[in-house]
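Visitor: Residues per chain are reported as follows:
Number of protein chains: 2
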Amino acid sequence: MINKKAYHIAIVGATGAVGQKIMDVLAARKFPIQSLKLLSSERSAGTKVEFNNKQIVVEKATPESFAGIDIAFFSAGGTVSESLVPEAIKHGTVVIDNTSAYRMNANVPLVVPEVNAKDLKDHNGLISNPNCSTTQMVAALKPIDDAFGLKRVIVSTYQAVSGAGQEAVDELIKQTEASLNDEPFEAKILPVKGDERHFPIAFNALPQIDVFEDNGYTKEEMKMINETKKIMNRPDLKIAATCVRLPFFTSHAESIYIEIEKDGVNVSDFWDVLKKAEGLKLQDDPDTQTYPTPLSAANKDDVFVGRVRQDLDNKQGFHLWVVSDNLLKGAALNTVQIAECLIKNKWL
Amino acid sequence: MINKKAYHIAIVGATGAVGQKIMDVLAARKFPIQSLKLLSSERSAGTKVEFNNKQIVVEKATPESFAGIDIAFFSAGGTVSESLVPEAIKHGTVVIDNTSAYRMNANVPLVVPEVNAKDLKDHNGLISNPNCSTTQMVAALKPIDDAFGLKRVIVSTYQAVSGAGQEAVDELIKQTEASLNDEPFEAKILPVKGDERHFPIAFNALPQIDVFEDNGYTKEEMKMINETKKIMNRPDLKIAATCVRLPFFTSHAESIYIEIEKDGVNVSDFWDVLKKAEGLKLQDDPDTQTYPTPLSAANKDDVFVGRVRQDLDNKQGFHLWVVSDNLLKGAALNTVQIAECLIKNKWL
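Going down the list, the sequences are from chains A and X. Under the UniProt record's numbering, the letters of the first sequence match residues 1 to 348, in that order. Under the UniProt record's numbering, the letters of the second sequence match residues 1 to 348, in that order.
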């Protein structure tokens, strides 16, 4: 067990969008840092990055990079995590991995602290951070499950391009400019970098996030399904997802239909539960057109919930609209919160 | 009964987006026109509009405008329809109304010809054209209901700004340009022209289409629910909707979950039914990333269906992704198809 006043930290994938956000979050939350090592691929090594008014030179990540590191945040893609996470663990480093590489491993906790902090207790040196669209959904579903018993979930997502990385953001900007100027443009990145076909994202909607699996669902949809069951410790939960990429930069939105066990529950009971829940903010008033949007949720820590309605045919059915910044609660913030939770509980 | 080789036609709201599209559709389909009268508000009267290489001067719509008119297409908003549709009917004109003014009247057929052409037979001089998001959904649901029995529908929409009119299209363009140039911009039209508050649509998603009703649903959501039941003649159908406005210009997309009565149905049974259905085009092959998008469906007549998947928990549950041009099948095309159907069956 590591138990110090300040920690030796490494960030793998420090030059990427999530890596940069992790640094912002560490600084904003005054995370107790003794030293910060920034790691990347060979290509980005040598880049200088500012942190707390100091310049840090990014180094190439190698198995030896983790000597003396207490906590490493990995956010450089599944392949990098697969090769370097075991090396970091050998050095006694506690790894919080932002990729999907280990999320479904039975002995790796998959954690959203508001939902299943207790799963962190018996970690084996590695904790996985969930997929962005999963994190915000379980944050909203957990208090509902606790209060009313969750039976079933059907979600349709509205996801920002930043979830597909900086190249996807750049693609949206370029295509949008070209489209407004009536100029031709190419689609090279979205829906999935490296997949066979690419389609325009500017002024469009793409019903594919990540590659297709054999069952006709995309990997993103299966992540939402499987990760939600694991995080909520509800392998029996009925859950379906349709994931759609849209032309905006930040925040994922989700139209969620749920069915609950408890009878006689109404919208104001939901409001009461959601208002009290940690990390959630209720923004729900039809009279004043109050509801969250991707733009209103951007750069904020909370998961925002609005448009709570009882189903018109099923009194145990409810509809919600859940929005959160996909790079914060969906990625960097949750990652840092996992580390804070480990420290606070002396579970490091 | 009017029965001629060619007809005296009027378009009310001729200078609007749907009015213009109706003219395009009439020309493209070689609708049998004896004369074409273009009508508008006083403000737009005097405008010259080209139709089949002839200039037509738009006239101010008055109660007397309909003398001698066989068929009038109304698309100038609910208030205009409320005042002038009764006047047109008095002249013996058959009215096809694109607004929501009369859609739920028990003695006014609400028609998507592929779904309920038979309801046209006993019209009383007035037929309503459904809401755009309803039309494409019922076109996809009807063959499914016929083949497998539809029990339940849960839809989340992805709707284009053109559904809110030309001002909303202009607002998206202006805000997008300003946003890309890092300049300030105003929101004046969306989510709903004339509502209290307005929010940016550029690089955003607005979970409000039309005003809120007392039950917390928006009018657009209630239209989808009530119109679907009426068109499909299924007052018992369980149906819920969440409607979201998105930053693209043309076509609405819909993530639809359905439950069917029949047991033992699989995805290829669905494909068989959808392939044969009138007005539908199946675009569904995960292996080749084949699915419809708003851009791919724009300027096309069909309703496109893709992403058909069986629910993982409920064998009688299926997920679909339905896309169609909201100004064509969602408005102008369906309107003209109603007129064609009346003529073909001598029901005029």
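No lab work stands behind these hints, which were simulated from the structure alone. Be careful, since some hints might not be right.
Pairs involving identical chains hold if they fit within one copy or between any two copies, as the list cannot separate such chains.
With a straight-line cut-off of 25 Å between C-alpha atoms, the simulated DSS-like cross-links for lysine-lysine are [unchecked claim]: (1) K54 to K315; (2) K151 to K262; (3) K151 to K238; (4) K151 to K315; (5) K262 to K238; (6) K193 to K30.
Visitor: Confirm or reject each hint.
Guide: Here's how the hints hold up against the structure:
1. K54 to K315: neither (57 Å within a copy, 58 Å between copies)
2. K151 to K262: Both, since 10 Å and 23 Å are each at most 25 Å.
3. K151 to K238: both (6 Å within a copy, 18 Å between copies)
4. K151 to K315: Intra 13 Å, inter 17 Å, cutoff 25 Å: intra and inter.
5. K262 to K238: Both, since 16 Å and 20 Å are each at most 25 Å.
6. K193 to K30: Neither way: K193 and K30 sit 35 Å apart in one copy and 45 Å across, limit 25 Å.
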